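Please arrange chain X with the ligands on chain A, whose structure you already have, making use of the hints.
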Amino acid sequence: MAEITFSKKSLERYEWLLTRYPSKEAVLLPALHLAEEEFENIGVKEMKYVADLIGIPPARVYGVLTFYTHFRRAGCGKYHIQVCSTLSCALRGSHEVYQRISERLGIEAGETTPCGRFTLSKVECLGSCDTAPMLQMNDDYHEGLDLELVDQLIEQWRAELPEGGSS
Amino acid sequence: MAFKKVLTRHVGKKDCHTLKFYKKQGGYAQAEDAVKNQDPDALIDLVKASNLRGRGGAGFPTGVKWAFVPKHTDKAKYLVVNADESEPGTFKDRVLMEKNPHLLLDGIIICSKAVGIHHAYIYIRGEFVFAYRRLLEAVEEAYSDGLLGKGIFGSNFDLDVTLHRGAGAYICGEETGMLTSLEGKRGEPKLKPPFPAVEGVFGCPTVVNNVETLANLPYILEIGADAYKKIGPEKCPGPKLFCVSGHVENPGTFELPMGVNLLELINKHAGGVWKGRSLKAVIPGGSSAHVLHADECDVAMDIESLDEAGSMLGSAGIIVMDDSTCMVDALLNIMRFYHHESCGQCTPCREGTGWLEKLVHRIASGGGRHEDLQLIQDVCDRMVGKTICALADAAAFPAESIVKKFPEDFLHAIEQGGSPASRNRSRAAVGGGTDV
Ligand SMILES: Cc1cc2nc3c(=O)[nH]c(=O)nc-3n(C[C@H](O)[C@H](O)[C@H](O)COP(=O)(O)O)c2cc1C
Ligand code: SF4
Ligand code: FES
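Quick note, the sequences are listed as chains A and X, same order. With the first letter of the first sequence counted as 1, position 128 gets the number 128 in our numbering; the numbers rise by one all the way through. With the first letter of the second sequence counted as 1, position 53 gets the number 53 in our numbering; the numbers rise by one all the way through.
Looking at chain A on its own, in the form it has when it is part of the complex (with noise of 0.2 Å):
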């Protein structure tokens, strides 16, 4: 037995997004996205265990995981801030803006606060260059960035979530 299980109603959805396709494989990607939803973050385990929900081989599973930067991998912080580092974001600045996220986290791209909370990336171009800069966190996009809206954005997500605080 596997040490982790979708839920029920994780179960119903992946059993229906089985009708939805012609392959078993195809529904490997959607199956991803429930496990992210489901377990947060994606590690050798979740991997594991989706691979033997679709009857395919792990190193398969891996292999499509790691083509994609979606996924919040093992290790990711509750908050992954994501900044966008692309031209139109760039001639609007978004280095200003993560400057002053890596400032005032104590954290550079790709690393995550020792609390566990703020994982920070910079990302390429996310569909929203008309509102240079801006970043995601999570599934939200934060657009018509500055350094004090930055600034009161960092604020509120350690008053949601609180050092030591379990969400």
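Hint data in this document are derived by calculation from the structure and do not stem from the laboratory. Do not take every clue at face value.
[As the list claims (entries may be wrong)] Using C-beta positions, here's what the derived DEER-type ranges look like:
no. : chain 1 : residue 1 : chain 2 : residue 2 : range
1   : A       : 25        : X       : 140       : 24 to 30 Å
2   : X       : 25        : A       : 140       : 26 to 32 Å
3   : A       : 3         : X       : 21        : 31 to 37 Å
Keep in mind the model is a prediction, meaning the values are calculated, not measured. Every residue, glycine too, gets a C-beta built ideally from N, C-alpha and C.
Same frame as chain A, but now just chain X with the ligands:
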């Protein structure tokens, strides 16, 4: 005749994303008529006659593409909607999906009827969570209302629509990469032929169309091909969403007739170059397009005119750069993007994008040599047209054009020990004067 917005007419009005609102405006009337009364071949002929060209970037005639799909086949046929919207500078499909999702479904039904498709997938980029939720609601509404599912509009035509989320990979916007991704694999593009219309997803004939392309269909059915062709240039007509970003006062998505003048778009609609500065350069069609020098921007925004100007309409993602921009830094940013996004299958692309980034980085950070400019051109020559998909070209076009049109910025960086941003502090900033 004055131009009337079609795709974004109701954007901003309360509940404009709901089925109730959409139907009140006469929505789904064309889809219903198509499903119940129209002959598939006649629909394809109508779309051919309208001269609708794909809005995803390549500008292929939509009706012609549909006609490539075999009429009689034992296999299923699929529609895969390209909602990956990942070309830097492009954010138009997002507006449609968030604010007018039923217009897309309306178009999907029309295309499906014309080609004989019973299952459509919408491949939406993973980061667009809000748009995904909006589309999900719209699809559910449409199923409950009998607009999707078995026997739609009370006819005997069945149509399913499934939303499929991508997971962060630019290359999945390329149609064959998208189809391999949809099959549950790494999103690696495939050689064409076979073209998707003959052998696409799951080995079956597949139409791939962009969101905005499909969103044009109800209007074409409503007003007919002749009237549609009168909107903008006849060879490339229709209402068009233009995305303007970068150094303008009022960035945004603007719906205007195809062929609008680029300077008018920038100065009138996007509020002009910001901070009272002057124009230096414009990328007119997403970061894959050849850059235009400020002197070249008096040009009509349509496929033919931009081809003639040595660039392309692409995704109509217009990125504006003011006179404070260092083009070495701008190019470095673009090259980092393509190097990061190359899927790595083809040597010229995998190595070429890496070399381009390295070369431009060296120039920006003060280690550049005069020969590097020729070297950049040589690397580009070894990339264009030599790979499985067009990502290699997409990286080479901005590289060769930016170096060619702004040699002074490169020479300055080579001779003065780097780009202004890298001399001031760290690199990575674009536009010495803008990075306050
Ligand atoms: C590297 C690359 C990236 C692309 N990205 C997108 C994209 O994000 N969205 C899109 O609609 N088309 C994109 N395309 C174009 C598609 O391959 C394809 O031409 C288009 O989806 C066809 O639909 P259309 O005929 O309706 O435009 C891309 C092409 C290439 C080569
Ligand atoms: S050209 Fe580049 S992105 Fe396209 S298939 Fe080849 S390596 Fe991959
Ligand atoms: S460049 Fe940042 S959203 Fe497009």
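Each hint tested on the structure:
1. A:25 to X:140: 24 to 30 Å: Holds, at about 26 Å.
2. X:25 to A:140: 26 to 32 Å: Between residue 25 of chain X and residue 140 of chain A, where Cβ atoms are some 30 Å apart, the hint holds.
3. A:3 to X:21: 31 to 37 Å: With a Cβ separation near 48 Å, residue 3 of chain A and residue 21 of chain X fall outside 31 to 37 Å, so the hint is violated.
The structure is inconsistent with hint 3 alone, although it conforms to all the rest.
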